[in-house]
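**Student:** Quick mapping for you: the protein sequence lines, in order, are chains B and Y. Take the first sequence: its position 180, counted from the start at 1, is 180 in UniProt numbering, and no numbers get skipped. Take the second sequence: its position 41, counted from the start at 1, is 41 in UniProt numbering, and no numbers get skipped.
If you're looking for bench data, these hints aren't it; they were derived computationally from the structure. Among the hints, a few may not be true.
[Stated by the list, open to error] For the chain Y half of the interface with chain B, some residues (derived, Cβ under 8 Å), not all of them:
#1 9
#2 11
#3 14
#4 17
We treat Cβ as the ideally placed atom computed from N, Cα and C, and that holds for glycine.
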Amino acid sequence: MSTLTRAEVTAVATLRRLFRTRALTYLTLLVGVASLGSIFGIASDAMYGVSHPINLIAYWHIGLATAAAGALTVTFLGCVLYLLTETDFWEFLAHASGEVGFLFVTLTLVTGSVWGRVIWNSWWEWTDIRLVTFLIVWFIYAGYLLIYSAGGANRVARLASAYGIVGFVTVPLSYVSTRLWTPTFHETTVGNPDTQATVTVPALLLSVVAMGLLYLLLLASRVRVRELESRLTSVRRAAADRAAEPSGGE
Amino acid sequence: MEPLLLVGYGAVFVAVIVYVWYLRNRVATLERKVSDLGDESDTGE
Numbered sequence: 001m002s003t004l005t006r007a008e009v010t011a012v013a014t015l016r017r018l019f020r021t022r023a024l025t026y027l028t029l030l031v032g033v034a035s036l037g038s039i040f041g042i043a044s045d046a047m048y049g050v051s052h053p054i055n056l057i058a059y060w061h062i063g064l065a066t067a068a069a070g071a072l073t074v075t076f077l078g079c080v081l082y083l084l085t086e087t088d089f090w091e092f093l094a095h096a097s098g099e100v101g102f103l104f105v106t107l108t109l110v111t112g113s114v115w116g117r118v119i120w121n122s123w124w125e126w127t128d129i130r131l132v133t134f135l136i137v138w139f140i141y142a143g144y145l146l147i148y149s150a151g152g153a154n155r156v157a158r159l160a161s162a163y164g165i166v167g168f169v170t171v172p173l174s175y176v177s178t179r180l181w182t183p184t185f186h187e188t189t190v191g192n193p194d195t196q197a198t199v200t201v202p203a204l205l206l207s208v209v210a211m212g213l214l215y216l217l218l219l220a221s222r223v224r225v226r227e228l229e230s231r232l233t234s235v236r237r238a239a240a241d242r243a244a245e246p247s248g249g250e
Numbered sequence: 001m002e003p004l005l006l007v008g009y010g011a012v013f014v015a016v017i018v019y020v021w022y023l024r025n026r027v028a029t030l031e032r033k034v035s036d037l038g039d040e041s042d043t044g045e
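Hey, can you work out the whole structure from these sequences and the hints?
**Tutor:** If you want it as structure tokens, here you go:
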């Protein structure tokens with residue numbers, strides 16, 4: 001067994017163990033409740049110089065966006081590993097993470113739109129580069145899931161993986177868009193000393209952890225669905241092959 | 001509470017609960033199917 005193969009087997013076994021642990025469900029619930037408690041208990045509703053209760057949506061909006069970026073990064077890594085190794089698990093992981101990531105991107109757009117309706121007096125702003133690039137990410141991953149809906153053949157999986165690798169370019173692009181182009185509403189916050197986005201850091205960190213755990217929990221279930229679907233197909237194929245075999249003595 | 005804040009958090013909760021319910025249902029259905037097919041092949045049917 002080569003070093004790469006041994007490392008791969010260990011990685012797959014570790015992820016499978018992580019996905020099957022029940023502690024993940026309880027931890028997600030616990031941290032999720034703690035996150036809500038901190039948002040509605042200690043977080044400040046003053047942000048960008050405006051004090052309004054709607055600013056409290058920012059804590060899950062940012063958490064969802066961070067988890068979405070993580071999910072789509074996992075999709076990218078899964079696609080690369082699947083094309084390199086052709087191990088089914090990486091394809092299941094990439095697809096599952098893409099689906100959960102797509103859900104998180106959608107919820108980021110919904111919560112952001114609700115936030116913008118009150119603060120910017122607009123549901124959507126085409127002049128804001130972060131909004132537009134994030135919408136492009138949404139369309140790219142809608143396309144990725146559409147390719148998968150064509151069927152589970154190896155050719156489809158390889159095509160989707162190549163698409164997942166190329167399409168990933170839009171994710172970091174969206175995150176650095178406010179540095180590359182002039183933002184109108186979303187300002188650069190990380191590493192910007194002039195930022196006006198004053199947030200309650202513990203509440204934000206807790207919401208990022210909560211969303212990360214929720215992502216892992218959903219990913220675990222989605223990977224399990226893909227593995228079971230694959231097993232079912234194999235069992236059915238084996239049964240069909242046995243039925244097609246000529247029986248002895250007849 | 002601010003109505004749109006309720007709408008925003010409500011949308012997240014509804015989406016997550018529906019998705020978790022769908023995944024749990026799908027896992028249970030597939031596990032049953034795999035187990036049924038396994039039993040059939042054990043008995044040679």
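**Student:** The structure should be examined with respect to each hint, and the outcome stated for every one.
**Tutor:** Tested hints:
The closest approach between the C-beta of residue 9 of chain Y and any C-beta of chain B is roughly 7 Å, which is under the 8 Å cut-off, so the hint is satisfied. Proximity of residue 11 of chain Y to chain B holds as hinted, the smallest CB-CB distance being about 5 Å (cut-off 8 Å). This hint is violated: residue 14 of chain Y has a C-beta 10 Å from the nearest C-beta of chain B, more than the 8 Å allowed. Proximity of residue 17 of chain Y to chain B is violated relative to the hint, the smallest CB-CB distance being about 11 Å (cut-off 8 Å).
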